[in-house]
Amino acid sequence: GAVVSQHPSRVICKSGTSVKIECRSLDFQATTMFWYRQFPKQSLMLMATSNEGSKATYEQGVEKDKFLINHASLTLSTLTVTSAHPEDSSFYICSAEGREAYEQYFGPGTRLTVT
Amino acid sequence: GESVGLHLPTLSVQEGDNSIINCAYSNSASDYFIWYKQESGKGPQFIIDIRSNMDKRQGQRVTVLLNKTVKHLSLQIAATQPGDSAVYFCAEMLWGTSYGKLTFGQGTILTVHP
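Chains H and U supply the protein sequences, listed in that same order.
Counting from 1, position 59 in the first sequence corresponds to residue 59 in our numbering; the numbering is continuous, with no gaps.
Counting from 1, position 79 in the second sequence corresponds to residue 1079 in our numbering; the numbering is continuous, with no gaps.
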């Protein structure tokens, strides 16, 4: 149990376009989901906390108007990278909180390449 | 933001050896710690966790040691296998007030040679 999926797994887009990444908890409900960004050879950096039915909480330095998060149901959170630029190319990973706050289940990640 | 030029520490071992991966965490108030394994192109995979009221916890082939005095965490892998080759991250959490927010450490690349 406790499987988290992400879609797409890889996406290539042109500079200036927007890309939506989905994060789904497949066999459990997640009130809270988290979005991370990981550049090559680096650690995961938390971007935002996504709470079902309310606005996301963004970490310092993360532009909320550029990285739009929608957590419309207990099994789905979406991250939209608006007006993407090459510097937004990265590995985006979501996690979903289980029944206990210390239980986090990670998705397989989405590789975004902006050309 | 991105740290230009940052490279992860590396650890290279022979198959069958024991591996020790170290991590310095940042917040002395953190009360929950987790080790994750990340293979190339995949999300982090839970290995083992430990609460701040413990200093040692053992799992299957893995042991986590916590030294709160110096804010140090280590992961010991016994009889390391080629399948253990991956990047290993420690993560810390401040229970309660942070809604389960994890802060990840720098990471260590483990390479196991047959």
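Rather than coming from a laboratory, the hints here were simulated on the basis of the structure.
Positions of the beta carbon are idealized from the N, C-alpha and C atoms, including for glycine.
Just so you know, not all the hints are guaranteed correct.
[Claimed, not checked] Okay, derived cross-link-like pairs now, BS3-like style, lysine-lysine, Cα gap no bigger than 27 Å in a straight line:
| # | chain 1 | residue 1 | chain 2 | residue 2 |
| --- | --- | --- | --- | --- |
| 1 | H | Lys64 | U | Lys1071 |
| 2 | H | Lys14 | H | Lys64 |
| 3 | U | Lys1056 | H | Lys66 |
[Claimed, not checked] Some residues of chain H that are not near chain U, with every Cβ distance over 12 Å (derived):
| # | residue |
| --- | --- |
| 4 | Tyr36 |
| 5 | Met45 |
| 6 | Gly53 |
| 7 | Glu59 |
| 8 | Lys64 |
| 9 | Leu68 |
| 10 | Asn70 |
| 11 | Thr75 |
| 12 | Ser95 |
| 13 | Gln104 |
| 14 | Gly107 |
### Task
List, from low to high, the hint numbers that the structure doesn't satisfy.
Failing hints, ascending: 1, 3, 4, 5, 7, 12, 13 and 14.
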